[in-house]
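Given chain A, work out where chain B should sit, using these hints.
Respectively, the protein sequence lines represent chains A and B. Reminder that position 5 of the first sequence reads as 5 in this note's numbering, one-by-one numbering, no gaps. One rule links them: number in this note's numbering = place in the second sequence (from 1) + 1000.
Simulated from the structure, these hints should not be mistaken for lab results. Among the hints, erroneous ones may be present.
What the hints assert, rightly or not - Interface residues of chain A toward chain B, partial, derived using beta-carbon atoms under 10 Å:
| # | residue |
| --- | --- |
| 1 | Gln-6 |
| 2 | Tyr-31 |
| 3 | Gln-37 |
| 4 | Met-41 |
| 5 | Arg-44 |
| 6 | Leu-45 |
| 7 | Tyr-48 |
| 8 | Ala-52 |
| 9 | Cys-91 |
| 10 | Ser-94 |
| 11 | Val-98 |
| 12 | Gly-100 |
| 13 | Asn-101 |
| 14 | Tyr-104 |
| 15 | Phe-105 |
| 16 | Gly-106 |
Every residue gets a Cβ at the ideal spot worked out from N, C-alpha and C, and that includes glycine.
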Amino acid sequence: NAGVTQTPKFQVLKTGQSMTLQCAQDMNHEYMSWYRQDPGMGLRLIHYSVGAGITDQGEVPNGYNVSRSTTEDFPLRLLSAAPSQTSVYFCASSYLPVSGNTIYFGEGSWLTVV
Amino acid sequence: TQLLEQSPQFLSIQEGENLTVYCNSSSVFSSLQWYRQEPGEGPVLLVTVVTGGEVKKLKRLTFQFGDARKDSSLHITAAQPGDTGLYLCAGEGGDAGNMLTFGGGTRLMVKP
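Only chain A is shown next, with the shape it has when bound in the complex (with noise of 0.2 Å):
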């Protein structure tokens, strides 16, 4: 059983460069979400989407874009990367309602964009 599959685990961009961050999971979860985790900040949510065709903004949504076209997937795009991007980014998913069952965490992709 894979759970949450995040892809590449580690990238270096150059400012202006796009890319998208792959996150797949193999549970059947209605909830996929994007956070970036930056030191003292905890993690913060970027987007958010409770089944396919369906996606809304988190806390800090600029800079990104999110599609959920299957249940499986939901890639984070970056347009035009930014040295303030530069964080841990974590995929989650779960099923509904959030409050009612366990959120599961990919392992982290780690972006530094110079």
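Coordinates of chain B only, in the frame set by chain A:
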């Protein structure tokens, strides 16, 4: 501005000591979760509390949800080096809507 404030941010104690970590907010949540995160890994859920005043125990860890569902605490009895890690609280529902909002975390180090 974060909805959830955790304190202390850092805690270094000796093996065998007791400690309490606090998670406070001015917002009401439908539920509150506690996670533990090891370096290089994602957070792992420890417990979910949903009822005001609820107390849950997980071996040496005791979790409490405030009566007004705005705050929570994590108490560890007789801490061990294996308890070392980053502890995160997260609130869902209520003022946070569908989002799961995290606190800034408490980094705990237990020295042998």
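Okay, the hints, checked on the actual structure:
At about 9 Å, the closest approach between the beta carbon of A:Gln-6 and any beta carbon in chain B falls short of 10 Å, and the interface hint on this residue holds. Taking 10 Å as the C-beta contact cut-off toward chain B, the hint placing A:Tyr-31 at the interface holds, the least distance being around 8 Å. A least Cβ separation of about 9 Å between A:Gln-37 and chain B falls short of the 10 Å threshold, and the interface hint therefore holds. Checking A:Met-41 against chain B by beta carbon gives a least distance of about 6 Å; that is within 10 Å, so the hint holds.
Hint status for A:Arg-44: holds, given a least beta-carbon distance of 7 Å to chain B, under 10 Å. The beta carbon of A:Leu-45 is positioned within 10 Å of a beta carbon in chain B (closest approach about 5 Å), and the interface hint is therefore held. Using the Cβ-Cβ criterion of 10 Å, the hint placing A:Tyr-48 at the interface with chain B is satisfied: the shortest such distance is roughly 7 Å. Here the hint on A:Ala-52 is broken, as its CB sits about 16 Å from the closest CB of chain B, past 10 Å.
Nearest Cβ of chain B to the Cβ of A:Cys-91: about 8 Å, under the 10 Å cut. The hint holds. Residue-level restraint check for A:Ser-94 holds (minimum Cβ-Cβ distance to chain B is 9 Å; threshold 10 Å). With its C-beta approaching chain B no nearer than about 5 Å, A:Val-98 sits inside the 10 Å limit, and its interface hint holds. A hinted interface residue such as A:Gly-100 counts as satisfied when its beta carbon comes closer than 10 Å to some beta carbon of chain B; here the least separation is about 8 Å, so the hint holds.
With a least beta-carbon distance of about 9 Å to chain B, the hint placing A:Asn-101 at the interface is held under the 10 Å criterion. For A:Tyr-104, the suggested interface contact is upheld, since its CB lies about 8 Å from the closest CB of chain B, less than 10 Å. For A:Phe-105, the shortest C-beta to C-beta distance to chain B is roughly 3 Å, which falls under 10 Å, so the interface hint holds. The closest approach between the C-beta of A:Gly-106 and any C-beta of chain B is roughly 6 Å, which is under the 10 Å cut-off, so the hint is satisfied.
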